[in-house]
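Q: Given the sequences, and given the hints that come with them, work out the whole structure.
There are 2 protein chains.
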Amino acid sequence: MPVYNPPLRDMQFVMHEVLKVTDEFKSMPQHADTDVDTINAVLEEAGKFASQVIFPLNISGDTEGCQLNRDTHEVTTPTGFKEAYKTYVDGGWAALSCDPEYGGQGLPLVVNQCLYEMMNSANQAWTMYPGLTHGAYASLHTHGTPEQKATYLHKMTSGEWTGTMCLTEPHCGTDLGLMRTKAEPQPDGTYKITGNKIFISAGEHDMADNIIHLVLARLPDAPPGIKGVSLFIVPKFNVNADGTLGERNGIYGGGLEHKMGIHGNATAQIVLDGAVGTLVGQPNKGMQGMFVMMNAARLGVGNQSLGLTEVAYQNALAYAKDRIQMRSLTGPKAKDKPADPIIVHPDVRRMLLTAKAYAEGGRALAIYSSVLLEKSHNHPDEKVRKDSDEMLSLLTPIVKAFLTDNGYQAATMCQQVFGGHGYIKEWGMEQHVRDARINMIYEGTNTIQSLDLL
Amino acid sequence: MPVYNPPLRDMQFVMHEVLKVTDEFKSMPQHADTDVDTINAVLEEAGKFASQVIFPLNISGDTEGCQLNRDTHEVTTPTGFKEAYKTYVDGGWAALSCDPEYGGQGLPLVVNQCLYEMMNSANQAWTMYPGLTHGAYASLHTHGTPEQKATYLHKMTSGEWTGTMCLTEPHCGTDLGLMRTKAEPQPDGTYKITGNKIFISAGEHDMADNIIHLVLARLPDAPPGIKGVSLFIVPKFNVNADGTLGERNGIYGGGLEHKMGIHGNATAQIVLDGAVGTLVGQPNKGMQGMFVMMNAARLGVGNQSLGLTEVAYQNALAYAKDRIQMRSLTGPKAKDKPADPIIVHPDVRRMLLTAKAYAEGGRALAIYSSVLLEKSHNHPDEKVRKDSDEMLSLLTPIVKAFLTDNGYQAATMCQQVFGGHGYIKEWGMEQHVRDARINMIYEGTNTIQSLDLL
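One line per chain: the protein sequences are A and B, in this order. Position 173 (the first sequence) corresponds to 172 in numbering that gives the first Met the number 0; numbering is contiguous. Position 395 (the second sequence) corresponds to 394 in numbering that gives the first Met the number 0; numbering is contiguous.
Check before you lean on any hint, since a few could be wrong.
What the hints assert, rightly or not - In silico EDC-like pairs for lysine to aspartate or glutamate, Cα to Cα no more than 20 Å straight-line:
no., chain 1, residue 1, chain 2, residue 2
1, A, K424, B, E63
2, A, K424, B, E168
3, A, K332, B, D174
4, A, K19, A, D386
5, B, K336, A, D174
6, B, K334, A, D174
To be clear, the hints were calculated from the coordinates, so they are not data collected in a lab. Treat the numbers as computed from the prediction; the structure is a model and nothing was measured.
A: Now the structure itself:
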């Protein structure tokens, strides 16, 4: 049976002994009172949620996958996913680092970072449902009108509604300038949006009351290429003036992809058929709002592979201590047994130590990045905000590409530690490799990240 | 739709222009008359079998997988597999390089090598059914008694019966000295064998009339460890004196593994319940016969990854020429289109060229090794035989580990060329990665190969 033990001590080491995050927070009014004990106590509970609620659904969710009813366009997520999501919302986990103005708990982003590392270790496919919401939340929080914020941010903060990013179309992924989805202005100030999007993670599901799609599309008079792309909010259900849910909007799941991994997440083809949307930010400046979301997502994807590296390492270490096979090159170590545990063998140690180094180094980088993100938003000194933002711009593609390349290698090496058993589904290791593989591709392939870094 | 075009010209280049294999064959009486045209003509037909008969079953076989009926212990292979195998047997492909004394066509091993590269490109999971037979054939051909050869080799040569290697047990893979399966001598000279084997590729299936299991087990008086292991033939159906099939033997599939890949191959848990077997070679010297089989299998596994590297490369190349996205860094190349084909981008070229180099270099090494194997058996000069055998001993773990490490990387890179589409099953690329992953593990993990090389 696979294991996952939240690495609380390792997180505390990076936060409190290496980076001394609470010292950083002292200069920020909203976090000045956040102390070490509070952070540790929250993360201890977060670890319980990850390891006890969603980790047990990881293999079963992979095996069962998501089902689309093509008549109703409704998606059924794997058994237990919906209930786990209710536990997540009821526990206030969605709101952990969100703005108190919209009902958030206002904790530093580093707490959310560590929550998500643990949730990704436990169940990446499940974690993508709430995870995408954070990017949509950040984009609306930065670029939304007061009315849009009032309409959407409370429910996205609580997690009652989730978010998506609708960028990719069948013929354009990296090159969003080729996009064809159209937005027609309506007399009431809204837009009717028509087109086809693909690869929309958490694009349609049964876990939340509403799904807030952030959609890139072209206005009729838009210039060609990337400078003619605008950003729209397109909710699954229109929202009435009193905040209640109105009619079903013309945006629905047209199909689900059959994928190598993350089977528990509904990767949807999204059809927009005259769906009603409202503009976010300025016309033809949609990439500004989308980049807020995209950068949050890139850090999030790096964090996914950090989580998988950690859980793959933990399981490979446990197996290497338990499985006996051959003797140590330097003579028997477990003389009471017919063979030594395989952790005595140099190449097994090499693979384990590489994975451990990737997990610990990746964690330090990810936590450091979350502190930079915090400072870029909330530090009172403008220069600190600007410097933090610049450093984060440099580090974001590194977090995305370096952690995901390493995560795939680490998952592959930890699988190798299991020998033939690593190839068998019940041990859980091959799923980590399959899940880790997408992280090198989505939110911009790792090659694009390297161009961005240059 | 995935494509596969047999790389006949590339094979011819290595065989006839680089290695000049027919010059080598001139000194061997049994191959002295084998000319370039014959080899090329056979491989052209072989390519048709691979690309037209088994390639179309690759994705469907992965999706459907194998089913075990737990009452009858019968395995149903994916739709079309059985019919394709009949075509293979009827076409004489099983007998291509087998000994004419047992009905073989007696062609040089290099022809079989190239046949198997193409079959592995087309469908690794299917190809493992006949592939395992070659190792069992080689082991019996070298170490079997005249009676055993007369009983089994004709049908294994024709492909009417297939073979397996039953080594691994739940608690021992690499460390075969820990083996527990027991063989009890019977008054009639046979043995009753009892134990549990796992990870038996092609261990039970519906494609052939009989399955000839080569089983490692311990005699009652066997010394501990690897020096107390003996090799036995244990057929699925006992064979009557007249060559017809007799009673069902006490060896059957107890379960099938759910794996990361090679879903079309039945990876069986094999239960031996007093199964009747006959000894191959000397008591307690079972590893001699098993190593003949194992070394054939290790070359075969390297060849599997060569095949996957080639097919992954072909598809990535085709996609990179077709998919348009962004402009070349040196200015537009396809000015009539809204973007350039992605093959213009440096990192896409890097990935394609790496895969191409792995395919072409791997092919040269694999073909060279097959010529060495030929010379080690059939060269009239004893010194050439010995030198060839020694060089092959050096190269075998390299073919296994280097080609399979490279194959996994190449499949992963070729998948990356497809961006998000590489993660979707219908494009076929993610299956290549999943299938390639096992090759680094089975027939001795790549780490064990490196120890063997040292």
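Q: Each hint: holds or not?
A: We went through each hint and held it up to the structure:
1. Taking the CA atoms of K424 (chain A) and E63 (chain B), the gap is near 16 Å; set against the 20 Å cutoff, the hint holds.
2. Restraint check for K424 (chain A) and E168 (chain B): satisfied, since their Cα atoms lie roughly 18 Å apart, inside the 20 Å limit.
3. For the hint linking K332 (chain A) to D174 (chain B), the alpha-carbon distance of about 16 Å falls within 20 Å, and the restraint holds.
4. Distance restraint check for K19 (chain A) and D386 (chain A): the Cα-Cα separation of roughly 19 Å lies within the 20 Å cut-off, and the hinted pair is therefore satisfied.
5. Restraint check for K336 (chain B) and D174 (chain A): the C-alpha separation of about 13 Å stays at or below 20 Å, so the hint holds.
6. Between K334 (chain B) and D174 (chain A), the direct Cα distance comes to roughly 16 Å. Compliance with the 20 Å bound is thereby established for this hinted pair.
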